[in-house]
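**Student:** When you get a sec, could you build the whole thing from the sequences and use the hints?
Protein chains: 2
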Amino acid sequence: MNGAESLIRTLVAGGVDTCFTNPGTSEMHLVAALDRVSEMRCVLGLFEGVVTGAADGYARITGRPACTLVHLGPGLANGIANLHNAKRAQVPLINLVGEHPEYHLKFDAPLTSDIEGIARPYSHWLRTSRSAADVGRDAAESIRAAANHPGYISTLVVPADVAWSDGGVVAPKSTIEKAALPPSANIERAAAMLRSGLPTALMITGDGLYGDGLRAAGRIAAATKAKLLSPYPFARMERGAGRVNVQRLPYVPDQAIELLKEFRQLILVGAGAPASYFAYPGKGALLTQPDTTTFAMTSPSENSAGSLIALSEALGLNVRSEILIQSVERPTAPSGEISLQGLAATVAALLPENAIVADEAMTSGRGMMAASRGAAPHDWLANTGGSIGIALPLAVGAAVAAPDRRVLCLTADGSSMYTLQALWTMAREGLNVTSVVFANRAYAVLQWEYSGLGVGTPSPRAADLFSIGRPDIDWVAMGKSMGVPSSRATTLDMFGDLLRKSFATEGPSLIEISL
Amino acid sequence: MNGAESLIRTLVAGGVDTCFTNPGTSEMHLVAALDRVSEMRCVLGLFEGVVTGAADGYARITGRPACTLVHLGPGLANGIANLHNAKRAQVPLINLVGEHPEYHLKFDAPLTSDIEGIARPYSHWLRTSRSAADVGRDAAESIRAAANHPGYISTLVVPADVAWSDGGVVAPKSTIEKAALPPSANIERAAAMLRSGLPTALMITGDGLYGDGLRAAGRIAAATKAKLLSPYPFARMERGAGRVNVQRLPYVPDQAIELLKEFRQLILVGAGAPASYFAYPGKGALLTQPDTTTFAMTSPSENSAGSLIALSEALGLNVRSEILIQSVERPTAPSGEISLQGLAATVAALLPENAIVADEAMTSGRGMMAASRGAAPHDWLANTGGSIGIALPLAVGAAVAAPDRRVLCLTADGSSMYTLQALWTMAREGLNVTSVVFANRAYAVLQWEYSGLGVGTPSPRAADLFSIGRPDIDWVAMGKSMGVPSSRATTLDMFGDLLRKSFATEGPSLIEISL
Chain A
1 MNGAESLIRT LVAGGVDTCF TNPGTSEMHL VAALDRVSEM RCVLGLFEGV VTGAADGYAR
61 ITGRPACTLV HLGPGLANGI ANLHNAKRAQ VPLINLVGEH PEYHLKFDAP LTSDIEGIAR
121 PYSHWLRTSR SAADVGRDAA ESIRAAANHP GYISTLVVPA DVAWSDGGVV APKSTIEKAA
181 LPPSANIERA AAMLRSGLPT ALMITGDGLY GDGLRAAGRI AAATKAKLLS PYPFARMERG
241 AGRVNVQRLP YVPDQAIELL KEFRQLILVG AGAPASYFAY PGKGALLTQP DTTTFAMTSP
301 SENSAGSLIA LSEALGLNVR SEILIQSVER PTAPSGEISL QGLAATVAAL LPENAIVADE
361 AMTSGRGMMA ASRGAAPHDW LANTGGSIGI ALPLAVGAAV AAPDRRVLCL TADGSSMYTL
421 QALWTMAREG LNVTSVVFAN RAYAVLQWEY SGLGVGTPSP RAADLFSIGR PDIDWVAMGK
481 SMGVPSSRAT TLDMFGDLLR KSFATEGPSL IEISL
Chain B
1 MNGAESLIRT LVAGGVDTCF TNPGTSEMHL VAALDRVSEM RCVLGLFEGV VTGAADGYAR
61 ITGRPACTLV HLGPGLANGI ANLHNAKRAQ VPLINLVGEH PEYHLKFDAP LTSDIEGIAR
121 PYSHWLRTSR SAADVGRDAA ESIRAAANHP GYISTLVVPA DVAWSDGGVV APKSTIEKAA
181 LPPSANIERA AAMLRSGLPT ALMITGDGLY GDGLRAAGRI AAATKAKLLS PYPFARMERG
241 AGRVNVQRLP YVPDQAIELL KEFRQLILVG AGAPASYFAY PGKGALLTQP DTTTFAMTSP
301 SENSAGSLIA LSEALGLNVR SEILIQSVER PTAPSGEISL QGLAATVAAL LPENAIVADE
361 AMTSGRGMMA ASRGAAPHDW LANTGGSIGI ALPLAVGAAV AAPDRRVLCL TADGSSMYTL
421 QALWTMAREG LNVTSVVFAN RAYAVLQWEY SGLGVGTPSP RAADLFSIGR PDIDWVAMGK
481 SMGVPSSRAT TLDMFGDLLR KSFATEGPSL IEISL
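Residue numbers (the working numbering), protein chains in the order written: chain A, 1 to 515; chain B, 1 to 515.
Be aware that a few hints might be false.
Because identical chains share one entry, a pair is satisfied inside a single copy or across any pair of copies.
Calculated cross-link-like contacts (lysine-lysine; reagent style DSS-like; alpha-carbon spacing at most 27 Å) [as the list claims (entries may be wrong)]: (1) K261 <-> K106; (2) K178 <-> K283; (3) K106 <-> K283; (4) K227 <-> K261; (5) K178 <-> K261.
Think of the hints as simulated: they come from the structure by calculation, not from any bench.
**Tutor:** See below:
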């Protein structure tokens with residue numbers, strides 16, 4: 001068995017059975033191994049930002065790492081922006097990167113580059129495999145490093161001769177360490193804070209936003225009147241009717257400050273102290289009041305879900321205790337002219353049970369979460385790292401992970417243009433993704449930030465750099481060019497009809513909303 | 001004057017007057033400064049691979065650096081693959097990258113990243129500016145570092161508070177060092193090799209492939225019968241009727257070995273020893289015969305053009321000496337069914353005088369250079385670093401640099417999908433670019449490499465990873481979706497008609513060839 005095959009078989013043995021890829025010549029023996037190991041599903045992306053973003057989406061839904069397979073340094077480089085988002089999402093992810101054999105590097109062939117240098121800022125674990133005999137063991141270690149709680153990025157660089165040489169050994173599955181709980185003193189202090197009667201909020205992230213952790217938070221909220229909040233960026237949140245409602249911190253600093261003002265105490269569960277996304281001249285970054293007591297009960301690397309359960313137990317609660325759940329609030333789909341409020345109500349009215357929403361409609365979609373609070377239960381995936389171009393790839397990964405669920409991708413023209421190749425993968429794989437493109441023909445957030453930064457009103461030269469009209473992008477033609485059935489909605493009624501039809505039809509579709 | 005304005009004014013004073021950009025919130029004060037300094041032309045790209053690739057194309061044509069302005073670490077990361085190509089092209093290029101103020105970094109806001117770590121593998125000069133008073137001087141140094149021969153990449157990281165604070169100082173233009181010639185002993189040894197009468201080739205790259213350097217090479221070839229060769233990757237080559245003909249080394253190793261076999265001596269002028277692009281099991285990388293004497297007359301950082309002139313003088317030649325030039329060989333445009341040979345002949349027949357060809361049609365375009373050897377004089381820009389997705393951005397940059405020249409972009413479906421956002425910039429700026437997309441629905445080079453590596457014939461699972469059909473991409477719809485007039489040629493006659501029409505029409509157009 002050559003190194004390549006031992007690598008792929010080790011991954012499969014370790015539970016990694018999905019590979020998002022765009023390979024090149026130096027990865028051909030790995031492709032041949034993928035060919036032989038049919039347990040590994042391969043999904044081709046036509047750009048590596050799709051590949052890494054899809055691996056992120058896959059991990060957010062399954063909790064397990066997918067692997068990527070990319071071509072040398074430049075292939076990895078193209079995937080970095082979405083690795084930035086994946087790192088911030090704290091998902092497990094394994095990058096396989098081809099490399100020239102060591103004896104070839106001295107010729108400085110055109111594609112030679114410092115792969116480890118490119119990988120380092122985004123890899124918690126990084127290794128270049130040295131021989132066919134080692135690469136199986138390296139793969140097992142890459143899985144363990146990635147799968148440790150809460151989820152990390154491993155990058156394994158595989159020289160072509162390591163892949164093609166004989167002597168590969170399949171390594172057994174490594175043991176994954178259990179996620180660490182915070183010290184019990186932390187839990188007790190948080191419990192005391194909650195018992196104090198002072199206005200208190202929990203700022204929750206990671207696995208505290210779904211499953212048992214979220215339900216424990218709902219019991220805490222019911223028993224103590226504590227408010228449940230999440231940071232603006234989060235990887236995955238369970239929400240909708242019958243679920244525990246968590247309010248997302250607004251992106252706009254003044255709105256976030258206003259929301260946080262009422263709390264005298266803030267308990268951080270896996271989250272950092274709330275700070276503004278960007279710096280603004282003459283303004284502080286912290287969004288809490290100076291007299292707010294902020295306590296980090298659970299650090300980002302500790303077990304958020306487990307610590308919420310422990311906290312609920314410290315408060316004397318158990319699975320039979322009352323839980324604060326969201327009631328059904330399902331509006332009827334509205335009629336008439338397009339408005340952001342109307343679009344949000346339409347989504348809330350029609351969202352199918354157990355849908356997955358991948359959300360990157362930064363300005364146009366701001367009302368979506370409020371409107372869909374009481375919609376059919378669903379998962380919400382947000383942009384975690386602020387690098388735009390994540391929603392379409394996330395949707396690909398989520399749909400591969402959960403073929404029986406409908407994925408609704410709320411995206412915008414600015415962000416979609418970053419990784420629009422994802423549409424092609426949706427068409428090829430027949431993924432159940434409904435992409436809604438809010439085409440406001442602008443980096444609208446920048447128009448707003450320009451004034452917010454006190455720079456004044458943009459003159460035509462500056463305004464031109466925020467405008468992505470002139471020419472307008474025709475998203476219907478764009479979607480169709482990559483094989484995705486695409487339509488344009490010019491009224492709320494049309495939007496509702498197109499959404500209903502898309503939700504009822506297997507495979508992908510795209511709806512452009514011209515704003 | 002704030003730091004941002006001193007930075008932009010310093011760049012303009014230093015001859016940097018074109019900015020390819022995709023800015024974000026942290027760059028808003030730089031945008032405001034761009035707004036005030038009207039001498040700087042700003043060109044928006046909807047993805048940073050377009051931004052950096054366009055800066056490369058601009059530099060290849062003008063010899064001067066453009067600047068890029070990108071958003072934090074992820075924005076830079078998206079531009080890295082084409083920075084890899086730019087580094088290999090040895091062009092001058094200045095990246096401006098926004099950053100959070102230092103006091104904001106401790107909050108680890110979502111977009112916080114190790115910008116210097118991301119930039120390091122592709123930056124010859126790298127600095128984070130520390131104050132508004134420094135940033136002008138930093139900019140002047142970034143220009144000097146980039147503009148030194150043969151051309152380097154500078155990256156200047158600009159924290160938002162450095163940009164917005166008062167106290168900016170415009171720095172005067174720095175002196176650029178003259179390019180170093182190789183030691184005279186090298187020139188003399190090369191002259192002696194040429195006088196020996198042994199079959200000899202010069203392997204030329206950099207500025208030896210155009211202008212005075214290339215003409216000196218033509219005189220050397222006429223006087224000594226030496227063959228003029230270039231590596232497969234090169235940044236810019238002047239060619240066509242009346243120009244000195246240089247033969248490009250083939251990509252396919254066996255063909256390159258065959259071509260090099262006849263030479264007993266090889267003189268390297270800025271090029272490395274010829275080696276295969278990739279490693280193959282059981283095959284060496286060097287493409288020359290063991291008994292070939294290879295001599296590096298000019299190192300990559302030395303002056304290739306100057307050393308060719310010095311070599312011609314050492315051989316007793318001067319500007320009145322005979323020069324070996326290419327005769328006119330302009331075929332008539334052929335008729336009939338699409339064939340690669342027919343497409344190449346059509347391009348050769350119709351290529352306008354002084355055109356710029358940006359070439360990335362890796363498999364479909366392999367006959368293009370041979371066919372157009374005696375076409376109207378033109379410049380040819382190739383993929384220098386092997387990272388695909390360079391041709392469309394290169395064409396943007398070349399067209400911005402030379403608005404009076406027609407740019408012909410020969411690209412393919414696989415490579416175009418990497419940076420297709422460039423089409424939008426072509427439409428917005430009304431650039432005179434004719435993009436020909438060879439749509440073979442495959443990573444055809446990988447189909448070929450798979451067998452070449454001895455892996456065998458790909459089974460359907462592997463073949464699927466080389467196929468970019470299923471669904472076929474409709475390039476006519478794609479081009480139109482971004483505002484570029486687009487058509488499909490299904491015969492050579494149609495291709496000829498569409499090319500003629502495009503060359504005669506201001507602004508961009510796209511022609512899809514279905515193969």
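**Student:** For each hint, tell me whether it holds in the structure or not.
**Tutor:** Hint-by-hint comparison with the structure:
In the homo-oligomer, the alpha carbons of K261 and K106 lie at most 27 Å apart only across protomers (22 Å), although the nearest pairing inside one protomer, at 61 Å, exceeds that limit. Proximity of K178 to K283 under the C-alpha cut-off of 27 Å is found in neither arrangement, the shortest distances being 41 Å within a copy and 47 Å between copies. In this assembly of identical chains, the alpha carbons of K106 and K283 lie at most 27 Å apart only when taken from different copies (15 Å versus 52 Å within one copy). In this assembly of identical chains, the alpha carbons of K227 and K261 lie at most 27 Å apart only when taken from the same copy (12 Å versus 78 Å across copies).
In the homo-oligomer, the alpha carbons of K178 and K261 never lie at most 27 Å apart, since the shortest distance is 37 Å inside one protomer and 62 Å across protomers.
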